[in-house]
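These protein sequence lines map, in sequence, to chains L and B. Residue numbering for the first sequence follows this note's numbering, starting at 1 and increasing by one per position. Residue numbering for the second sequence follows this note's numbering, starting at 1 and increasing by one per position.
The reader is advised that the hints may include incorrect statements.
[Claimed, not checked] Taking lysine-lysine and the PhoX-like style, the derived pairs with C-alpha atoms no more than 25 Å apart in a straight line are: (1) L/K84 / B/K358; (2) B/K358 / L/K65; (3) B/K334 / B/K191; (4) B/K266 / B/K150; (5) L/K63 / L/K27; (6) B/K266 / L/K84; (7) B/K191 / B/K236; (8) B/K290 / L/K27.
[Said to hold, decoys possible] Covered stretches of chain B, going by a simulated chain L footprint (3 or more residues, C-beta under 8 Å): (9) 98 to 109; (10) 295 to 302; (11) 313 to 323; (12) 351 to 364; (13) 396 to 405.
If you're looking for bench data, these hints aren't it; they were derived computationally from the structure. Using N, Cα and C, we set each Cβ at its ideal position, and we do this for glycine too.
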Amino acid sequence: MFNINGDLFSQNSEEVKQEVKSNPSLKDGGVAFIDMNSIPCLIVVSNVIVGTKSIPQLQRIGKVKADRDALAFINGEEITSSIKSFISEETIVENRETSYKSVDYYEETILSNVTGFINGMTPGGYWFSEDKSVYYYISYKLIK
Amino acid sequence: MKKNSIVLIGLVFLMKLSMAQSPSELANSSAVKETQDVSADVVKFPEDALTDKMTTLLLKRGKSLNIINQDGSIYVIASATTTRPSNMSGFVFSRNVAYNIAELTAKMNLLRLAGEQITSGRGFTMLEDIIEGEDPDVSKTASMLQKAGKVIDKSLDKALSYLGVSDKEIGDMNEDEKKVIFTQTYNETVKSLVAGMVKGCATVWVAEGELGGDDYQVSICMKYSPEFQSLASLIKNNTQYQVPVSKVQNSIAKIEGYSAEKMVGKLGAKVTFNSKGEMIVFGFGQQEVKTTGSRASAAYSRAYSKARLRAVNNIKNFVAEDIVAEESITDVEKIREYSDSTKAYYSRQSWEQAVKSKSSTLNLSTFEVRRWKSVHPISKQNMVGVVVAWTLSHKQDADKIKESMDSNPTSPSKTNTTRKQTTKSTIIMSGEEEDL
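Next comes chain B alone, as it looks inside the complex (with noise of 0.2 Å):
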């Protein structure tokens, strides 16, 4: 009966062992399944999209990023994120704020190409000291003052534990310093420093959009060339350069016929042709409008008025910026020992990033190409936008009004003869003789 009954236990025993086993059963179960549903969580910022976007536009081109292409020409990427979420108020101005950080980190990261200054430093100390015993030479008797010393100390915890310290506290101020038995440091500090000035560098793809959890990313794509900076020292020191000409583009009817929505993703300066074949400068303002139900058109007035002056400035930034940048990053680890087998583990990771764009002047004759007004597609935020343009052409019909409006009836011409010595007249005589 026993051997039964241990054969019948193993017979179930091996049953239920090869239904556990059974491969399909262990597919289906919930364990395994949990790992098959695992899928890679790697999000795509814009900044990916543009780079994938821009190195597949550029290859057919035959050019790179971050190189200095055969024709001279570079393209940048950099990006920012917004400090104020998107379904927030403060939004627009916010995504203006990190275009430009943007925009100051490609020029930063163009610099670079051409050389940056780096210094650094680095080190570590080690320490192992393993006592074990007294020293005999160490022990002395204690003097008057050590004694009078220890009567104070324990009188001062008396009157702060009078005063409403706690005893821990007490302990803790009281706890002896430990003895370290290791000891190991480690720091290292890198400083880079760039400074320069960037002419020519304007704005050839914008990529944006919220990745959920208050993150917000602007991204960017700069292009620097030889004619773009040909041109903005034609702009600047308004020399008689004769300024390319390539095939015609209808950029400004383009701008004009495009809707609202598309131009909220048209920011800083663009650099293309006009109807006559000649190089024209865009420059793209914009800024939230803050309503509050009346007097809604003076809102909007400021608005534009504060668009206006963004995308001149725009232009100004394309065409010379004095940037100043610095970069440093500091690391440092400490780990200590003690001889009552406790650690302690200290480390500091510090990274600083400063950029300036120095303070500087140029005169602009700009016209204005278009104004707008839409909501922003995430944030639903009301904007504004203006467009200005810097053309060859306009710059010189504006001095041909300026010379119109001064000019001056002419001045009788003056006869150019030789005096000649004086001849004799006639005296004339004067007087009454009443007055004699």
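So here's chain L without its partners, still in its complex pose (with noise of 0.2 Å):
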């Protein structure tokens, strides 16, 4: 069904594209490591939100994200977090008259790194969601 030997997604993209977005994993975005005709392929969707940018951009930005999750993919990425929490409770009686006060904090804060070098990525294509807002592309590289 496909070429093997040349890109994957030359031939028959469409139908190639329609099976990215049917897979769970891969519709709205993520990374996958599938076997296409018993050669193993990783393939990457990343979304990007369309807002303003023009398709070159879109372009731009999308293989970049999916650099980045592919890296993540493979290298693994470096989490960061803290978390504070902060709980009071005063009562005060003077006399009659009784005072409370309650005071609720909490603060967290999560941060995703991810670095590396990687190559051989081939771009795969793109789709537009219905509501065209996000776009999606794909790119893919044949494991050996």
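Both chains are given apart, each in its own frame, so use the hints to dock them into the complex.
Below you can see the structure in the form of structure tokens.
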């Protein structure tokens, strides 16, 4: 079904794209390791909010995000996080008057960092969401 | 006649008395019925339901809550209440926060099992001072300065009154300090400090619910075990530790098969076994979706990204979390009795709890298991969730892909020969006769 010696998506690209779009791990963006005709293939789908961006801008950002997702899948991502939680309660009674004060404070920070070098990722097409607000970009690499 | 009327009145009185005291009438009277209809108004919180359930389940396995069981496992329960009511926007976010606070509290309780530092102090004073009559040695002639002070004082009162200050306020300012005849003061402070690194602590059960009156509680049961800690060390240090293999469970297929409504109750990190019998850590993340009618896909896309990050962070928190927790309570009570028979009472109770999970970094290689979207069953707000997982086999596969992508062509092998001394060669000469 696919030309395994050339571009995976160059022939029957619509069919392949439909297959990617119907894959639950990839249809909203993601990374999956799939066997295509007994050839293992790393397929990455990134998503970009369209806003006012042009097609070249979307392609550029989509490619960078896809590379980032692929790196996170292969190299892992560095997660840095911290939490602060503070709760206090004070009740004061003065003769017949009672006052009550309560404070709840919560702060959480999560940072994800991906570093590394990736090569050989091939563009595999793109599509838009139904309301045209999200752009999905496919890139892939055959793993020998 | 008079005698007959007295007898008649007496008879009527006796009849009424007997009717009033009839037990059946008493039983049916509204006053009695009211007391019979009163029932104990005890509200069962999700925490109570979870405690009952976990106690029953653990008892079957010969285990208990809040102690170190024979196999080294510890189960603790903690709860938190959302700050946003379930019928207001922002509820799902508040629910996430409540879950995190409950998890921190559970880990704090876990650390306390190992020991906590308690600092406390308390004390009271009591004084009774009853005076009768006047001390003859106290009275003396007022000095000139005291007289001048009184003139100024009266002038200031007139100025305040002219400026609009009420007579009551002026009277309060001029009120002499009352003579105290009895005073009692009590104060007490208790502080608890606990700190440590919690590794290998996962969520095993979640109970949550709306109690009415804008009260929504999230209660969780967390488990620590030596096996979980070993797995956490494996994830953190990337060692070649042999992960314990147990019975095969199709945990990934199970999660993929759950309905989206059932996924709403999945929070935090969970450890189980996959179809290969190896340990798998799942991270569950959820996020509220705020749609404005247009560009809904973009809102969902952003929400999925946030949910995924929360899910990965939950696995990180399972691996290791450096926690410092302080709790303190202060009680003060004062009572004063004055010579004019008036009393003054003051009390203050304050409680503080501060828990901090210190910033730390961990490299994690996870894969996405599932995405889902649903509405919260109680608040009916749109929400999405992402489930990610870590397994040793995925880590190893990712490392192989990395090696494959990083591999370079082999460089020509260098021959390792010993250099020999040079030998004589012919003499090379160059030049042109024309240049001479």
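Results of checking the hints against the structure:
Using a Cα cut-off of 25 Å, the hinted pair L/K84 and B/K358 holds, with the two alpha carbons roughly 8 Å apart. For the hint pairing B/K358 with L/K65, the CA-to-CA distance comes to about 30 Å; that exceeds 25 Å, so the pair is violated. The suggested pairing of B/K334 with B/K191 holds, with an alpha-carbon distance near 22 Å, which does not exceed 25 Å. Among the hinted pairs, B/K266 with B/K150 is inconsistent with the structure: their alpha-carbon atoms are about 76 Å apart, more than 25 Å.
For a cut-off of 25 Å, the pair hint linking L/K63 to L/K27 stands: about 16 Å separates their Cα positions. With a C-alpha separation of about 23 Å, the suggested pair B/K266 and L/K84 falls inside the 25 Å cut-off, and the hint holds. This hinted pair does not check out: B/K191 and B/K236 have alpha carbons roughly 33 Å apart, beyond 25 Å. A threshold of 25 Å between alpha carbons decides the hint, and for B/K290 with L/K27 the separation of about 21 Å falls inside it, so the pair holds.
Only residues whose C-beta sits within less than 8 Å of a C-beta in chain L count toward coverage, and the region 98 to 109 of chain B has 3 of them, enough to reach three; the restraint holds. Coverage of the region 295 to 302 of chain B by chain L holds [criterion: at least 3 residues with CB-CB distance below 8 Å; count 7]. A count of 3 residues in the region 313 to 323 of chain B with a Cβ less than 8 Å from any Cβ of chain L is obtained; the coverage claim is therefore met, three being the minimum. Closer than 8 Å: that is the beta-carbon criterion, and the region 351 to 364 of chain B has 14 residues meeting it against chain L, so the requirement of 3 holds.
Figure legend: the region 396 to 405 of chain B, annotated as covered by chain L; annotation consistent (6 residues with Cβ-Cβ distances under 8 Å, at least 3 required).
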